[in-house]
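Number of protein chains: 2
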Amino acid sequence: MKLVKAEIIAIGDELLYGQIVDTNSHWISQELDLIGVKVVRKTTIGDNRTDILAAFAEAEKRADVILITGGLGPTQDDLTKPLMAEYFGCGIIEFPRAVEAVTAFFKQRGREITPLNILQGHLPSCCTYVPNEVGTAPGMWFEKNNRYWMSMPGVPHEMKKLMKDFVLPKLPTVFSLPVIYHKVIKTVGIGESWLADLIRDWENALPEHIRLAYLPSLGQVKLRLTAFGTVRKKLEQEVAAQIALVLPQITSYVYGYDEETLESAIGKLLKNSGKTLALAESCTGGYISHLVTSIPGSSAYFNGSVVPYHNQFKENLVGVKSETLSAQGAVSEETVLEMAQGVKKLFGADFGLSSSGIAGPDGGTEEKPVGTVWIACAGEGFVEAKKLQLSQDRLLNIQITGVAVLNLLRICLIQNNK
Amino acid sequence: MKLVKAEIIAIGDELLYGQIVDTNSHWISQELDLIGVKVVRKTTIGDNRTDILAAFAEAEKRADVILITGGLGPTQDDLTKPLMAEYFGCGIIEFPRAVEAVTAFFKQRGREITPLNILQGHLPSCCTYVPNEVGTAPGMWFEKNNRYWMSMPGVPHEMKKLMKDFVLPKLPTVFSLPVIYHKVIKTVGIGESWLADLIRDWENALPEHIRLAYLPSLGQVKLRLTAFGTVRKKLEQEVAAQIALVLPQITSYVYGYDEETLESAIGKLLKNSGKTLALAESCTGGYISHLVTSIPGSSAYFNGSVVPYHNQFKENLVGVKSETLSAQGAVSEETVLEMAQGVKKLFGADFGLSSSGIAGPDGGTEEKPVGTVWIACAGEGFVEAKKLQLSQDRLLNIQITGVAVLNLLRICLIQNNK
Numbered sequence: 001m002k003l004v005k006a007e008i009i010a011i012g013d014e015l016l017y018g019q020i021v022d023t024n025s026h027w028i029s030q031e032l033d034l035i036g037v038k039v040v041r042k043t044t045i046g047d048n049r050t051d052i053l054a055a056f057a058e059a060e061k062r063a064d065v066i067l068i069t070g071g072l073g074p075t076q077d078d079l080t081k082p083l084m085a086e087y088f089g090c091g092i093i094e095f096p097r098a099v100e101a102v103t104a105f106f107k108q109r110g111r112e113i114t115p116l117n118i119l120q121g122h123l124p125s126c127c128t129y130v131p132n133e134v135g136t137a138p139g140m141w142f143e144k145n146n147r148y149w150m151s152m153p154g155v156p157h158e159m160k161k162l163m164k165d166f167v168l169p170k171l172p173t174v175f176s177l178p179v180i181y182h183k184v185i186k187t188v189g190i191g192e193s194w195l196a197d198l199i200r201d202w203e204n205a206l207p208e209h210i211r212l213a214y215l216p217s218l219g220q221v222k223l224r225l226t227a228f229g230t231v232r233k234k235l236e237q238e239v240a241a242q243i244a245l246v247l248p249q250i251t252s253y254v255y256g257y258d259e260e261t262l263e264s265a266i267g268k269l270l271k272n273s274g275k276t277l278a279l280a281e282s283c284t285g286g287y288i289s290h291l292v293t294s295i296p297g298s299s300a301y302f303n304g305s306v307v308p309y310h311n312q313f314k315e316n317l318v319g320v321k322s323e324t325l326s327a328q329g330a331v332s333e334e335t336v337l338e339m340a341q342g343v344k345k346l347f348g349a350d351f352g353l354s355s356s357g358i359a360g361p362d363g364g365t366e367e368k369p370v371g372t373v374w375i376a377c378a379g380e381g382f383v384e385a386k387k388l389q390l391s392q393d394r395l396l397n398i399q400i401t402g403v404a405v406l407n408l409l410r411i412c413l414i415q416n417n418k
Numbered sequence: 001m002k003l004v005k006a007e008i009i010a011i012g013d014e015l016l017y018g019q020i021v022d023t024n025s026h027w028i029s030q031e032l033d034l035i036g037v038k039v040v041r042k043t044t045i046g047d048n049r050t051d052i053l054a055a056f057a058e059a060e061k062r063a064d065v066i067l068i069t070g071g072l073g074p075t076q077d078d079l080t081k082p083l084m085a086e087y088f089g090c091g092i093i094e095f096p097r098a099v100e101a102v103t104a105f106f107k108q109r110g111r112e113i114t115p116l117n118i119l120q121g122h123l124p125s126c127c128t129y130v131p132n133e134v135g136t137a138p139g140m141w142f143e144k145n146n147r148y149w150m151s152m153p154g155v156p157h158e159m160k161k162l163m164k165d166f167v168l169p170k171l172p173t174v175f176s177l178p179v180i181y182h183k184v185i186k187t188v189g190i191g192e193s194w195l196a197d198l199i200r201d202w203e204n205a206l207p208e209h210i211r212l213a214y215l216p217s218l219g220q221v222k223l224r225l226t227a228f229g230t231v232r233k234k235l236e237q238e239v240a241a242q243i244a245l246v247l248p249q250i251t252s253y254v255y256g257y258d259e260e261t262l263e264s265a266i267g268k269l270l271k272n273s274g275k276t277l278a279l280a281e282s283c284t285g286g287y288i289s290h291l292v293t294s295i296p297g298s299s300a301y302f303n304g305s306v307v308p309y310h311n312q313f314k315e316n317l318v319g320v321k322s323e324t325l326s327a328q329g330a331v332s333e334e335t336v337l338e339m340a341q342g343v344k345k346l347f348g349a350d351f352g353l354s355s356s357g358i359a360g361p362d363g364g365t366e367e368k369p370v371g372t373v374w375i376a377c378a379g380e381g382f383v384e385a386k387k388l389q390l391s392q393d394r395l396l397n398i399q400i401t402g403v404a405v406l407n408l409l410r411i412c413l414i415q416n417n418k
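Those protein sequences? They're chains S and F, same order as listed. In terms of full-length UniProt numbering, the first sequence is residues 1 to 418. In terms of full-length UniProt numbering, the second sequence is residues 1 to 418.
If you're looking for bench data, these hints aren't it; they were derived computationally from the structure. Treat each hint with caution, since some may be false.
One copy or two, either will do: identical chains are not told apart, so a pair holds if it fits within one copy or between any two.
[Unchecked claim] Here are the simulated DSSO-like pairs of lysine-lysine, each with C-alpha atoms no more than 27 Å apart in a straight line:
1) Lys271 to Lys161
2) Lys368 to Lys161
3) Lys107 to Lys222
4) Lys386 to Lys107
5) Lys222 to Lys321
6) Lys160 to Lys186
7) Lys170 to Lys387
8) Lys144 to Lys160
9) Lys61 to Lys2
10) Lys368 to Lys107
11) Lys107 to Lys387
12) Lys160 to Lys222
13) Lys321 to Lys345
14) Lys2 to Lys38
The shape of chain S in the complex, shown without the other chains (with noise of 0.2 Å):
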């Protein structure tokens, strides 16, 4: 089977000045090797018709696959259309759907198309006009010489949307692709070294078509495994069998795998058992209603919340005793057991959620310095709190300490279930 290769180009100065970070290249580098395309190079160019072409010309020679991003806004400054059909040797010409496609998108906004927007619907005579439903700017499809190009807009939601509707289901139709079988397992709450210590053993032992990579985020370790074969039910099977094996020694900290998130399978807990949930934030100010809200269906099990910015407020609102507040301070260990059993009942909810703390880069006193946090989660019959020691951060601080108390509700839940 020959190894299909491919580049992408990333167009844009933007990109070469420094002013916004290329994300989409990362992303789709993924998504491709998740699919058994080797991506062999990344190009990035600025707004220049002489780099451009170059650029088309080099990938060429190189891949059998050339993805393209940037470059298509409806303004002078985007030069990825014409150059595409100035490459092909074709003219740009009206395509109906696609004008149709963009005065839809703009009406359904209630808003006047404009004279620019129209033009976004010309595209070159030779490329398949593929429609873009969350954008104005559509992708295009070529064809030649045993190599197939795509062009995306650099938003990335667009781009993201034009990858997983069309170039990626696409690929496999016109190349032969190996058979790759990736499964992930979600961990939260142990580090990268530790967890590698943990299942060393195991990870040697591995067989030689099963791979395996550690991902690690904010307070989350991915495990990779990926496996190379023909027949993907005997790479399932395999992987499977591989993880049952060693599940026992990492279970506490697994809550799912692929695309679960830490704020769905709390959801999925949550849902499956009829539970409800209400949230005091304090120097967390949002951000955990916000992960919690942002799966759909979360009004099943989601109350509410109120972030009690000021001490007025921790007590009016949510009940801390104010002798506790002028005697431990906001930051205590005692404030947030209160903030979380006092939310609970604000709202009703078999479970509260607390946070405080110091999210810097101001406000560290020597004995609480920037980034200690008090979180709690109380529950029927229990409440229960963990003390964090954070960096200087804001927003480091702030989305650690939302993994972590989403973390305590998971082991609260499974505990409550048990």
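Please build the complex by placing chain F on the supplied structure of chain S, with the hints as guidance.
Then chain F, alone, in the frame of chain S:
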């Protein structure tokens, strides 16, 4: 003055397979931009002899400065050093100072040096050895045919140290560098094509040495002006004059410049006017509170928020009338107006903001389809509501509503200050 062009080459299989994000290239871009070196291309390639040598040869044709990261570890899959020796046609020899440095590095950390690590002090004879004080792989500087090459480790803090200590001070000594000045105008509440229509005449009349780029993101568009010249002060004045020309046409959309975010701009407006804020978030579920509290020092103007996810809490906690909810429904102008007024009162704030909508993917009706959102702002003696008709995507709807609510507050604050 000749434009000095740079290419950044990142080497490593892990970058192509999407296992780690290349943050180095972005950082290097920003630093080179500041000293007037123009990055013309970024290339990412794997640990592969042919690809690396080809990338070197291509880069030499395009660029005056070639900065290489990665592929410098002690193991066999790290190819940068031998291939640079091969490319420049020289042998690898012991650099006694480099061997000394790597030996000292291990000694200082109380660890035994291995034979593999000693070899890190052996370098191509044609390079200038650049000490790496924070790691074991040295930097290597090459000069040939008026091209300047630097090879650095891929570990971000090691690369940054070598850039700051050596490359960035070195480049102005070997080139006569131009001055490049950037200014970014941040706008909200107007789409890219409308903005382009508004300012077309001004854009077309920009002088040759000042370029404009549109950088759109969710609900916002950045306008980046880039000026090229020799005297920074003069460029700053010229760009300021251009901004003064365009500002009257777009002033109501402009919330700030450069690193300003919408939430930090609002923070400044609130702080400067000594006003405070409270939020009642239904469909946005805490997201806007998170944005507001992500700004250091936000406790000075953010009193708190409530996420009343069910009607009973909109009624009991925020004071929406039972009749309003039964007659108009939770997603209605009347409800968001009462929510904004109610939460303003609950937290004793100067401004109350609210959101209520059908974020999706479920819950839509014919009359109120998914994506129907009402938002409101209440201040002293005024209230204002606005309807949004958004997409099918839950997270996008939450994020775009967040931008719209903050923009509504911005407008209210400006009107209030008049």
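Non-conforming hints, listed in increasing numerical order: Of the numbered hints, 1, 5, 7 do not hold.
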